[in-house]
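Respectively, the protein sequence lines represent chains E and A. With the first letter of the first sequence counted as 1, position 99 gets the number 99 in this note's numbering; the numbers rise by one all the way through. With the first letter of the second sequence counted as 1, position 132 gets the number 132 in this note's numbering; the numbers rise by one all the way through.
Worth double-checking, as some hints may not be accurate.
Claimed, not checked - Residues of chain E clear of chain A, computed beta-carbon distances all greater than 10 Å:
| no. | residue |
| --- | --- |
| 1 | Y33 |
| 2 | V88 |
| 3 | S95 |
| 4 | A164 |
| 5 | L183 |
| 6 | V233 |
| 7 | E311 |
| 8 | G347 |
| 9 | A361 |
| 10 | D396 |
| 11 | E406 |
| 12 | E410 |
| 13 | P431 |
| 14 | A464 |
Said to hold, decoys possible - Over 12 Å on every C-beta distance to chain E, these chain A residues come out as not near it, computed from the model:
| no. | residue |
| --- | --- |
| 15 | G19 |
| 16 | T21 |
| 17 | D34 |
| 18 | G50 |
| 19 | R100 |
| 20 | G136 |
| 21 | E137 |
| 22 | S147 |
| 23 | P178 |
| 24 | N182 |
| 25 | E189 |
| 26 | T213 |
| 27 | A230 |
| 28 | A235 |
| 29 | V240 |
What the hints assert, rightly or not - Okay, the calculated bits of chain E under chain A, using three or more residues with CB under 8 Å as the criterion:
| no. | region |
| --- | --- |
| 30 | 7-16 |
| 31 | 215-226 |
Treat the hints as calculated values from the structure; they're not laboratory data. Glycine is no exception: its CB is placed at the ideal position from the N, C-alpha and C atoms.
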Amino acid sequence: MTARTVLKNEWRLLMADRPLKIALGLFVVLLGYALTNGVVWLRFQERTVEATTSGNVERASALRQELEAIEAGGQPSSPFADPRSPRVLGGPSGSHTAVLAPGPLTALAIGQSDLLPYYYDVNIYTNEASFQQNGEVENPLNLMVGRFDLTFAVVYLLPLLVLALSFNVLSEEREQGTLALTLSQPVSARSVVTVKLAFRALVVAGIVLGVSLLGALATGGFGSPGRILLWSVTVVAYSLFWFALAAWVNALGRSSAWNATVLVGAWLVLVVVLPAAINAAAGLLHPLPSRVEMVTAQREASNDAVNRRSELLARYLEDHPEMAEGVVADEPGLGALSWAATDAVNGRLEEVAAEHDARRAEQTALVRRYRFLSPALLAQEALLDAAGTGDARFADFQSQVRVFAEQWREFFVPAIMADEQMNAGVLADVPTFSLVDGDSADPACRATAPLAVLAGLLALIGAAAGVRLGRVRGAD
Amino acid sequence: MTESQESHTGAAPLLEARGLTKDYGGTRALDSLDLAIAPGEVYCLLGPNGAGKTTTINLFLGFVAPSAGQALVAGLNVSTHDRESKRRLAYIPEQVMLYRNLSGIENLEYFAALGGQGSLRRERLVEILVEAGLDGETAGRRVSTYSKGMRQKVGIAIAIAKKADALLLDEPTSGLDPTASNEFSALVERLRNRGVAVLMATHDLFRAKDTGTRVGIMHYGRLVTELSTAEIGHADLERVYLEHVSDNGGPR
Numbered sequence: 001m002t003a004r005t006v007l008k009n010e011w012r013l014l015m016a017d018r019p020l021k022i023a024l025g026l027f028v029v030l031l032g033y034a035l036t037n038g039v040v041w042l043r044f045q046e047r048t049v050e051a052t053t054s055g056n057v058e059r060a061s062a063l064r065q066e067l068e069a070i071e072a073g074g075q076p077s078s079p080f081a082d083p084r085s086p087r088v089l090g091g092p093s094g095s096h097t098a099v100l101a102p103g104p105l106t107a108l109a110i111g112q113s114d115l116l117p118y119y120y121d122v123n124i125y126t127n128e129a130s131f132q133q134n135g136e137v138e139n140p141l142n143l144m145v146g147r148f149d150l151t152f153a154v155v156y157l158l159p160l161l162v163l164a165l166s167f168n169v170l171s172e173e174r175e176q177g178t179l180a181l182t183l184s185q186p187v188s189a190r191s192v193v194t195v196k197l198a199f200r201a202l203v204v205a206g207i208v209l210g211v212s213l214l215g216a217l218a219t220g221g222f223g224s225p226g227r228i229l230l231w232s233v234t235v236v237a238y239s240l241f242w243f244a245l246a247a248w249v250n251a252l253g254r255s256s257a258w259n260a261t262v263l264v265g266a267w268l269v270l271v272v273v274l275p276a277a278i279n280a281a282a283g284l285l286h287p288l289p290s291r292v293e294m295v296t297a298q299r300e301a302s303n304d305a306v307n308r309r310s311e312l313l314a315r316y317l318e319d320h321p322e323m324a325e326g327v328v329a330d331e332p333g334l335g336a337l338s339w340a341a342t343d344a345v346n347g348r349l350e351e352v353a354a355e356h357d358a359r360r361a362e363q364t365a366l367v368r369r370y371r372f373l374s375p376a377l378l379a380q381e382a383l384l385d386a387a388g389t390g391d392a393r394f395a396d397f398q399s400q401v402r403v404f405a406e407q408w409r410e411f412f413v414p415a416i417m418a419d420e421q422m423n424a425g426v427l428a429d430v431p432t433f434s435l436v437d438g439d440s441a442d443p444a445c446r447a448t449a450p451l452a453v454l455a456g457l458l459a460l461i462g463a464a465a466g467v468r469l470g471r472v473r474g475a476d
Numbered sequence: 001m002t003e004s005q006e007s008h009t010g011a012a013p014l015l016e017a018r019g020l021t022k023d024y025g026g027t028r029a030l031d032s033l034d035l036a037i038a039p040g041e042v043y044c045l046l047g048p049n050g051a052g053k054t055t056t057i058n059l060f061l062g063f064v065a066p067s068a069g070q071a072l073v074a075g076l077n078v079s080t081h082d083r084e085s086k087r088r089l090a091y092i093p094e095q096v097m098l099y100r101n102l103s104g105i106e107n108l109e110y111f112a113a114l115g116g117q118g119s120l121r122r123e124r125l126v127e128i129l130v131e132a133g134l135d136g137e138t139a140g141r142r143v144s145t146y147s148k149g150m151r152q153k154v155g156i157a158i159a160i161a162k163k164a165d166a167l168l169l170d171e172p173t174s175g176l177d178p179t180a181s182n183e184f185s186a187l188v189e190r191l192r193n194r195g196v197a198v199l200m201a202t203h204d205l206f207r208a209k210d211t212g213t214r215v216g217i218m219h220y221g222r223l224v225t226e227l228s229t230a231e232i233g234h235a236d237l238e239r240v241y242l243e244h245v246s247d248n249g250g251p252r
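All chains should be modelled from the sequences, with the hints used to inform the complete structure.
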């Protein structure tokens with residue numbers, strides 16, 4: 001009865017509070033804008049994926065037609081682009097684009113998908129430098145602050161709305177004098193505050209989850225109910241964390257102004273300062289090698305390789321004796337010489353990339369270790385994992401592309417070394433990329449740790465608030 | 001008083017204090033108060049600021065815990081039966097503060113429901129507010145437009161709706177004009193006639209004499225004397241009051 005009574009009263013108070021209704025309306029508008037941004041990005045990504053996928057088909061089809069024409073007695077369109085050459089067929093003109101389809105809930109969380117490449121042109125020249133470059137032209141400001149998507153709105157703005165709704169949930173009752181009259185009734189401050197906050201939580205969660213579900217519905221996200229559930233659980237847990245914090249601060253018995261100052265300070269520290277400090281510390285303690293270093297290494301290795309082609313070929317054959325068959329060391333073909341040089345460049349780049357990857361791994365480990373300090377980081381990680389746009393999915397995609405690039409080389413390099421010509425028949429055997437989306441199986445598993453910590457923080461602060469609220473009487 | 005107290009009238013008391021004591025740090029705000037108020041009695045606590053009147057009321061409400069002794073409502077120890085005792089109590093503070101953006105009807109509906117009366121129909125709520133002295137049109141207006149007297153009437157309406165056995169009033173007529181004060185006293189009188197036990201803290205000797213059945217004069221946390229209003233005139237009450245509150249006790 002008490003819960004229903006307080007809920008009804010809260011609804012009336014909300015309906016009678018114009019500024020609060022305006023704040024809620026503004027929040028809904030911002031969420032709508034964030035969702036629109038997400039949908040626009042998703043459509044762009046879908047168009048790109050469609051274009052690259054059809055590009056694969058068109059390239060293969062054109063090469064097949066040309067090879068069949070040549071086999072029927074025709075001439076190649078250019079002597080430098082003879083598709084019978086394995087360097088041409090396995091090179092840029094015959095390349096296969098490996099594509100990562102947008103995550104199931106990309107419209108809700110753009111995440112890293114505007115920063116990390118989601119397609120790679122794979123050919124025999126694909127090397128570590130290819131993985132270090134992002135071909136997309138993007139506004140640097142967008143990259144720096146991230147796009148204004150639903151995840152951004154949830155992580156940054158939702159706490160502000162929660163605090164605006166609850167910073168004075170008890171202090172206002174005390175200040176306007178209604179607390180004494182309330183607590184002269186057979187109810188406890190704890191139960192009244194709990195119901196008042198539960199009402200606000202229902203309003204906030206209702207709005208955010210409503211917009212989220214609308215977005216998922218509009219973009220086919222309902223195909224992944226588990227992800228939607230994970231997203232919803234994260235939104236609710238993150239909201240409740242801020243409500244619990246507001247309850248605890250209110251239970252301390254200070255003024256509304258003091259509560260507001262402390263809670264906004266907490267937001268600033270937990271949502272803005274700590275994540276920035278952790279990222280800055282990662283960059284400072286484990287700086288990434290400069291990209292210029294990678295480019296310089298590539299140039300130096302290329303020059304060196306050109307100058308020492310014969311020597312490199314001999315070394316390559318020592319390292320890959322299986323390739324020696326068919327290669328006449330005294331009279332090596334142009335392809336063999338060229339490939340040996342390419343392989344030397346790749347080797348040098350792998351060294352630089354390994355250093356780069358090691359530093360990045362150290363950075364990631366540091367951020368992962370200290371992310372538990374900030375509920376905002378925890379929520380963001382869980383939301384991105386739920387949406388399938390987190391780091392892990394991109395790392396998984398990149399490692400699969402590396403394997404695919406290796407398969408591609410293994411298919412074409414023996415022919416290059418042996419100076420063999422290829423025909424239309426081999427096209428059916430050319431490797432194609434198909435993503436094994438391992439991420440789809442375990443987002444819940446990966447989100448378990450951040451969600452568990454978030455739930456732990458929530459329980460801790462909620463319990464502290466409950467204990468303090470249990471001591472609230474009418475005359476303090 | 002004996003261990004099994006009886007009220008002044010001999011009926012079982014609805015409000016009872018047994019050796020009720022409250023210390024704040026090293027200061028004794030209330031010192032071994034013994035008191036029993038029967039159904040239909042209006043007991044007025046008189047005394048200067050800091051005498052312990054509001055502390056007594058807060059102890060009956062369970063807003064503060066006693067340092068020693070017991071506060072009982074209908075025989076229930078407030079410290080151990082918080083909710084049950086509050087179900088039988090109504091409280092009107094010096095300033096009845098309500099939700100300003102809601103109407104008198106909505107405020108009454110809320111507090112009556114919190115008090116355990118369930119969801120009352122709108123017609124019944126208006127009836128109660130009219131009984132408490134508000135007209136129907138005012139009852140439907142936002143409380144932000146109410147005077148203090150109107151808010152006090154909503155406070156009385158809450159007590160009526162709650163069907164409380166005992167009423168605690170903390171300087172309820174302070175700041176009211178004479179007409180509003182008289183109206184308020186009439187409402188208290190009406191509740192008294194229904195058998196409600198009333199404990200009223202006040203500075204208003206005149207109103208205590210007219211409204212109360214007994215008065216108790218407090219000074220520095222002690223009940224220094226009790227008088228029956230039927231046996232004393234206004235002038236005598238003032239004289240006794242001044243005799244007892246002249247600063248000869250000193251804080252403990």
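Now the hints, each set against the structure:
1. Y33: holds (30 Å)
2. V88: holds (78 Å)
3. S95: holds (67 Å)
4. A164: holds (17 Å)
5. L183: Check fails; 7 Å does not lie beyond 10 Å.
6. V233: holds (33 Å)
7. E311: holds (87 Å)
8. G347: holds (74 Å)
9. A361: Answer for A361(E): holds, closest chain A Cβ roughly 57 Å.
10. D396: holds (54 Å)
11. E406: holds (69 Å)
12. E410: E410(E) is indeed farther than 10 Å from all Cβ atoms of chain A, at 75 Å.
13. P431: holds (70 Å)
14. A464: holds (21 Å)
15. G19: The claim stands: G19(A) keeps its Cβ more than 12 Å from every Cβ of chain E (closest is about 21 Å).
16. T21: Holds, since 16 Å exceeds 12 Å.
17. D34: holds (22 Å)
18. G50: Given that every Cβ of chain E is farther than 12 Å from that of G50(A), nearest at about 15 Å, it holds.
19. R100: violated (7 Å)
20. G136: The claim holds: G136(A) sits with its nearest Cβ about 19 Å from chain E, beyond 12 Å.
21. E137: With a cut-off of 12 Å, E137(A) remains clear of chain E, as the shortest Cβ separation is near 19 Å.
22. S147: Label holds. Min Cβ-Cβ 15 Å, cutoff 12 Å.
23. P178: Holds: least Cβ distance 24 Å, greater than 12 Å.
24. N182: holds (24 Å)
25. E189: Holds: least Cβ distance 22 Å, greater than 12 Å.
26. T213: holds (23 Å)
27. A230: holds (30 Å)
28. A235: holds (35 Å)
29. V240: holds (30 Å)
30. 7-16: It holds, with 5 qualifying residues against the three required.
31. 215-226: Check failed, 0 qualifying residues.
The earlier numbered hints that this structure contradicts are 5, 19 and 31.
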